[in-house]
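Participant: Chains as they are written, first to last, in the working numbering: chain C, 1 to 293; chain P, 1 to 194.
Note that these hints are calculated values from the structure, not bench results. Since we're looking at a predicted model, the values are computed, not measured. All C-beta atoms in this analysis are idealised placements derived from N, C-alpha and C, irrespective of residue type, glycine included. The reader is advised that the hints may include incorrect statements.
[What the hints assert, rightly or not] Stretch-level coverage of chain P by chain C, calculated; a stretch enters the list once three of its residues show a Cβ under 8 Å from a Cβ in chain C:
#1 6 to 20
#2 42 to 52
#3 78 to 87
#4 98 to 105
#5 122 to 128
#6 160 to 169
[Claimed, not checked] In silico DSS-like cross-links for lysine-lysine, where the CA-CA straight-line distance does not exceed 25 Å:
#7 Lys179/C x Lys31/C
#8 Lys190/P x Lys103/C
#9 Lys101/C x Lys120/P
Below are the chains, spelled out letter by letter.
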Amino acid sequence: MNSKLNYAYYPGCSLHASAGEYDLSTRELFKELSIGLTEVPDWFCCGATPAHNVDELLSLSLCAKNLELAEQVEGDLAVACAACFSRLKFTQHTLEENATKRKQVEKAIDAPVKLDGKVKHLLEILARDLGLERLAAAVKKPLSGLKVACYYGCLLTRPPDVPNLDCVEAPTIMEDVLKAVGAETVAWTHRMECCGANFTLSRPGVVIQLTNAILDSAKAAGADCVMVGCPLCHGNLDIRQKEIEGVYSTSYNLPVFYITQLVGLACGLTADKLGLGALIVNPMPLLKEKQLL
Amino acid sequence: MKKKKMIISQETMDVDFVRKVEALSGTSVRRCFQCGKCSAGCPMATFMEHPPNRVVRLLQLGQWRRIIEGRSIWFCASCETCSTRCPNKVHLASIMDALRKLSWDADGPSKESYVQLANKLFLQNIRTYGRQYELRLATVFNVKSGQFLKDMMLGPKLLSKGKLKMFHSKNKNLSEIEKIFSRIEEMRKKGEAL
Chain C
1 MNSKLNYAYY PGCSLHASAG EYDLSTRELF KELSIGLTEV PDWFCCGATP AHNVDELLSL
61 SLCAKNLELA EQVEGDLAVA CAACFSRLKF TQHTLEENAT KRKQVEKAID APVKLDGKVK
121 HLLEILARDL GLERLAAAVK KPLSGLKVAC YYGCLLTRPP DVPNLDCVEA PTIMEDVLKA
181 VGAETVAWTH RMECCGANFT LSRPGVVIQL TNAILDSAKA AGADCVMVGC PLCHGNLDIR
241 QKEIEGVYST SYNLPVFYIT QLVGLACGLT ADKLGLGALI VNPMPLLKEK QLL
Chain P
1 MKKKKMIISQ ETMDVDFVRK VEALSGTSVR RCFQCGKCSA GCPMATFMEH PPNRVVRLLQ
61 LGQWRRIIEG RSIWFCASCE TCSTRCPNKV HLASIMDALR KLSWDADGPS KESYVQLANK
121 LFLQNIRTYG RQYELRLATV FNVKSGQFLK DMMLGPKLLS KGKLKMFHSK NKNLSEIEKI
181 FSRIEEMRKK GEAL
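Start from the sequences and build out the full structure, keeping to the hints where you can.
Facilitator: See the structure below:
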């Protein structure tokens, strides 16, 4: 490695609360891979779905403010949560294209908008900046025999021209990363279907119906577990899984991992450092069976 | 819902409203030729009384009241599938945002109150704390929606796993967030922004 990779880090609200294990495993994995990660000081909530749902100007302004705060830290902005990633990219895209909205946002945050900083999801950093070869070289314990259903959800790739992470209908970046660390990936139908997202608070019945279809499809494809890059998808698939099993009188028992947990496991990090104990569907029996712990 | 007969005339067509939607969303409803691809891919269409393509058709006809009186816009998950697949580049997800904003401003005549309540509490939390405070969000939602026992079984489990925090620290630069909120309110009062 010639030059050390360094990033400004925007964890987002969930990673400081319900998705603490995503934050922990991200920090530990990046440390292990010698990638620098400095948290943006005093970042704000990006507004997520509720803000753009009812007040686009607020959503754009919150994100523009965060992009401004991120300027204090050197390096591209690394984002873990798919929703924060989507909102920040959406803001850059919209303000680039729409001069009226840009002026309004500049007035709202009382500062010029800066759009040249790059916003990157962790997947991009692992697959492209670090590169699959270097990632493969860091593997100490290949995840051989582990069949993973890669779940992209909505916001990592859609809509076209905005996140520009990968192909909008048939992405492979998650599979590429997992193959580099020795895991097997399954082909399945629901990898880009919506889980119901923030309806988990207002209309949980919707989430139960949509998420059931996702778990059902992953199970039918022969997956041992699911991998996600979004705390909200994780909450719906993991925290609500037992409830879903009850409603549909079925059993899935599919552990749901974050990207950084599976990659970290392959890089030899311990269960403690990856926060595996925080997962609701216990992954230990599966990992022991596959001799990965 | 009982079907009300639709009369298309100059009196019932409100084109100004549609122009507002187009300005807010940055997309044109007139580009839609009703192929229905948006509704075919919509994960939430089964929960809506007007599926996405019909929402656009109603807008083309200036019949926006039918849309915002219903619950369709509040049952959109913002998954962006419609915008992704539209052959005419109608950004339907942004149209949904614009409709919700205008409905919200009109203090939501829609019967769908749970989603609106969740949104309202979410935004209040940002203004008060700078970041999301999940435990408070869920608790206040349950109290205000009168569903005291909703997800009660999940609470202790999430707390024991460290997934819900009892206390939440406020941002040090909280005054800056308040300024953003109030500047936007000010701009709207002066008519500088929609």
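Participant: Counting residues of the segment 78 to 87 of chain P with a beta carbon closer than 8 Å to any beta carbon of chain C, are there 3 or more?
Facilitator: That given contact holds, which follows from 6 residues of the segment 78 to 87 of chain P lying within Cβ reach (below 8 Å) of chain C.
Participant: Can the restraint linking Lys101/C and Lys120/P be considered satisfied, given a maximum Cα separation of 25 Å?
Facilitator: holds, 23 Å
Participant: Tell me if the straight-line CA distance from Lys190/P to Lys103/C falls inside 25 Å.
Facilitator: holds, 15 Å
Participant: Given as covered by chain C, does the segment 122 to 128 of chain P meet the bar of three residues or more with CB within less than 8 Å?
Facilitator: Our answer is that it holds, as 4 residues pass the Cβ test (under 8 Å) against chain C, meeting three.
Participant: Establish whether the coverage given for the segment 160 to 169 of chain P by chain C is satisfied; the threshold is a Cβ-Cβ distance below 8 Å, and no fewer than three residues must meet it.
Facilitator: holds (count 5)
Participant: Quick check: the segment 42 to 52 of chain P, covered by chain C? Criterion 3+ residues, Cβ under 8 Å.
Facilitator: Holds, because 3 residues of the segment 42 to 52 of chain P bring their Cβ atoms closer than 8 Å to Cβ atoms of chain C.
Participant: Examine the segment 98 to 105 of chain P: at least three residues should have C-beta closer than 8 Å to a C-beta of chain C.
Facilitator: holds (count 4)
Participant: State whether the coverage of the segment 6 to 20 of chain P by chain C holds or is violated, taking the criterion as 3 or more residues with Cβ-Cβ distances under 8 Å.
Facilitator: violated (count 0)
Participant: Lys179/C and Lys31/C: Cα distance at most 25 Å?
Facilitator: holds, 21 Å
Hint 1 alone, counting from the list given before, is not met by this structure.
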